[in-house]
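Novice: Assemble chains B, C and D onto chain A, guided by the hints.
4 protein chains.
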Amino acid sequence: MSSTDLNPPELAEAINAKGFMGAAGFRIVTITPGHAEIALARRDDLLQFFGHFHGGVISALADHAAGIAVTSALPKGKIGVTVEIKVNFLSPADGVELIARARTLKMSGSIGVATVEVFSKSESAETLCAFGTATMRAMDLPAGLRPR
Amino acid sequence: MSSTDLNPPELAEAINAKGFMGAAGFRIVTITPGHAEIALARRDDLLQFFGHFHGGVISALADHAAGIAVTSALPKGKIGVTVEIKVNFLSPADGVELIARARTLKMSGSIGVATVEVFSKSESAETLCAFGTATMRAMDLPAGLRPR
Amino acid sequence: MSSTDLNPPELAEAINAKGFMGAAGFRIVTITPGHAEIALARRDDLLQFFGHFHGGVISALADHAAGIAVTSALPKGKIGVTVEIKVNFLSPADGVELIARARTLKMSGSIGVATVEVFSKSESAETLCAFGTATMRAMDLPAGLRPR
Amino acid sequence: MSSTDLNPPELAEAINAKGFMGAAGFRIVTITPGHAEIALARRDDLLQFFGHFHGGVISALADHAAGIAVTSALPKGKIGVTVEIKVNFLSPADGVELIARARTLKMSGSIGVATVEVFSKSESAETLCAFGTATMRAMDLPAGLRPR
Chain A
0 MSSTDLNPPE LAEAINAKGF MGAAGFRIVT ITPGHAEIAL ARRDDLLQFF GHFHGGVISA
60 LADHAAGIAV TSALPKGKIG VTVEIKVNFL SPADGVELIA RARTLKMSGS IGVATVEVFS
120 KSESAETLCA FGTATMRAMD LPAGLRPR
Chain B
0 MSSTDLNPPE LAEAINAKGF MGAAGFRIVT ITPGHAEIAL ARRDDLLQFF GHFHGGVISA
60 LADHAAGIAV TSALPKGKIG VTVEIKVNFL SPADGVELIA RARTLKMSGS IGVATVEVFS
120 KSESAETLCA FGTATMRAMD LPAGLRPR
Chain C
0 MSSTDLNPPE LAEAINAKGF MGAAGFRIVT ITPGHAEIAL ARRDDLLQFF GHFHGGVISA
60 LADHAAGIAV TSALPKGKIG VTVEIKVNFL SPADGVELIA RARTLKMSGS IGVATVEVFS
120 KSESAETLCA FGTATMRAMD LPAGLRPR
Chain D
0 MSSTDLNPPE LAEAINAKGF MGAAGFRIVT ITPGHAEIAL ARRDDLLQFF GHFHGGVISA
60 LADHAAGIAV TSALPKGKIG VTVEIKVNFL SPADGVELIA RARTLKMSGS IGVATVEVFS
120 KSESAETLCA FGTATMRAMD LPAGLRPR
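Protein chains in written order, with numbering that gives the first Met the number 0: chain A, 0 to 147; chain B, 0 to 147; chain C, 0 to 147; chain D, 0 to 147.
Check each hint, because a few of them may be wrong.
What the hints assert, rightly or not - Which residues of chain D face chain B? A partial, calculated answer using Cβ under 10 Å:
| hint | residue |
| --- | --- |
| 1 | 82 |
| 2 | 85 |
| 3 | 108 |
| 4 | 110 |
| 5 | 114 |
| 6 | 132 |
| 7 | 136 |
| 8 | 139 |
| 9 | 140 |
Said to hold, decoys possible - Chain A regions said to be covered by chain D (calculated; three or more residues, Cβ under 8 Å):
| hint | segment |
| --- | --- |
| 10 | 21 to 34 |
| 11 | 76 to 90 |
| 12 | 104 to 117 |
Unchecked claim - Not close to chain B: a few residues of chain D, all C-beta gaps over 12 Å, as computed:
| hint | residue |
| --- | --- |
| 13 | 4 |
| 14 | 12 |
| 15 | 16 |
| 16 | 26 |
| 17 | 31 |
| 18 | 36 |
| 19 | 77 |
| 20 | 83 |
| 21 | 118 |
| 22 | 124 |
| 23 | 138 |
Simulated from the structure, these hints should not be mistaken for lab results. Computed from a prediction, not measured in an experiment: that's the story for all the values here. Ideal Cβ placement from N, Cα and C applies to all residues, glycine included.
One chain only, chain A, in its complex shape:
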């Protein structure tokens, strides 16, 4: 399939600007077909009891990066929605920014599987703080939501 038949980056930007993604401040760093890197800066309303990024926020970022990675390799008009996600928390997410890097392992019919590494970035280092796997299902994007 030619890359002009795939979803354009504008779709990811449109998804990213809405609802929770926009409000939390998810920021697309790079997208290539099957891959996505999404960043999220630290903010008090994204933390948990100990002052680290909340596990649910990490899961949300991982979920979103996996969805963008899978969607970016789908034909125009299809979007990946999450069937299930599994995240292991590996070390405290106490940095100033999170970086999620997702890659599609396999598309098989309408099912796609992606892995995501989430790094906690301090001024001097990136530490792997979470690892996830997500199963996505391709569905038709409702006409009203298609980017022009």
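Specialist: Showing chains B, C and D alone in chain A's frame:
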């Protein structure tokens, strides 16, 4: 163990008031040792592209409910932190409120496992919209964070 | 859908008699649409290093029970194949028999999700030793494999 | 920690020879601290209904490889036991041999997390047929089971 040796409900309230939990509006409905029910009202900044609750927000609520369920059955001064969580999304979370109901399946040494059902509540019905399993690890609550 | 349009129990028996299932001794206890109970007696070649049932054998039994539960609620000629499975091991599986009880949480299009409880049965008690969740995908049963 | 303080390869061989591992024919290819590669040749009693390797057998191999990977980086006398495992099935495992390659992502206290890629090997190619993540817990090896 007598229930007076367990974590008091005040700990869950303290956790709930902070960071993402407080900002998103997580609301404790009931807690009994090993069980927790947490609600979350619909708000634009908690939704995804299609206008339903964001999967990441659902995961965060499930994670939090599982943590409170496990923590509520731990001795005073111990808190359950998430080792990993897995969530299946079963139907669109398009209601006016989410309700997460978590129960501890098993505590074994310092490891606890909980399941969580998340319901999307409309004016007339509750629909199971997600199902999760979480593995928790008991750790010592830092002295400065213990409720008095 | 009338129950006469669903897969007959003979399909589960045919699946169960083959390959690993037959060789390990998987035994169907009961099947109703969406539910399955499968047993497996202890045998030296199903154990791990400590002399308990091997985790992989427990996963295999859970996977199989989930597949039968989902398949039993599918129309004739469709079979559930595993997209992914997740199993938590809760206590040593040191009984004389394992019993897996699976139930379908949700069918949504061609995707089904089931939970499975696995019990280790001694002479006097049943102990929950594992809990799993499986995502299944309905596919067409190849003509040569359909029970007549 | 010096490598002479870690578990010796003999422990993995001893584990591998027992019960289900020995009966199924699990074969250690290579072990280095934190990594393991385990092979399994096709045999009729390891297959499912369609004549491919059974998903449960794939899960068992993945579980075992993850356990050996984590155990090989533990101090002498400690063994990794599985808390939970999650496996995605990506393509039919229709080769003549399975190869599981596990690596430890993180050890944190007594908890280790490993990822596993499982390949189906035909005469001409290796195909990624499954991907798993396992959480392990270090426990003391009972005295009677320690290799001399």
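Novice: Would you mind marking each hint as holding or not holding in the structure?
Specialist: So, going through the hints one by one against the coordinates:
| no. | hint | verdict |
| --- | --- | --- |
| 1 | 82 | 6 Å, holds |
| 2 | 85 | 6 Å, holds |
| 3 | 108 | 8 Å, holds |
| 4 | 110 | 6 Å, holds |
| 5 | 114 | 12 Å, violated |
| 6 | 132 | 8 Å, holds |
| 7 | 136 | 7 Å, holds |
| 8 | 139 | 12 Å, violated |
| 9 | 140 | 16 Å, violated |
| 10 | 21 to 34 | violated (count 0) |
| 11 | 76 to 90 | holds (count 4) |
| 12 | 104 to 117 | holds (count 5) |
| 13 | 4 | 24 Å, holds |
| 14 | 12 | 28 Å, holds |
| 15 | 16 | 28 Å, holds |
| 16 | 26 | 30 Å, holds |
| 17 | 31 | 25 Å, holds |
| 18 | 36 | 24 Å, holds |
| 19 | 77 | 14 Å, holds |
| 20 | 83 | 6 Å, violated |
| 21 | 118 | 24 Å, holds |
| 22 | 124 | 31 Å, holds |
| 23 | 138 | 9 Å, violated |
Going through the hint list in order, the structure does not satisfy hints 5, 8, 9, 10, 20, 23.
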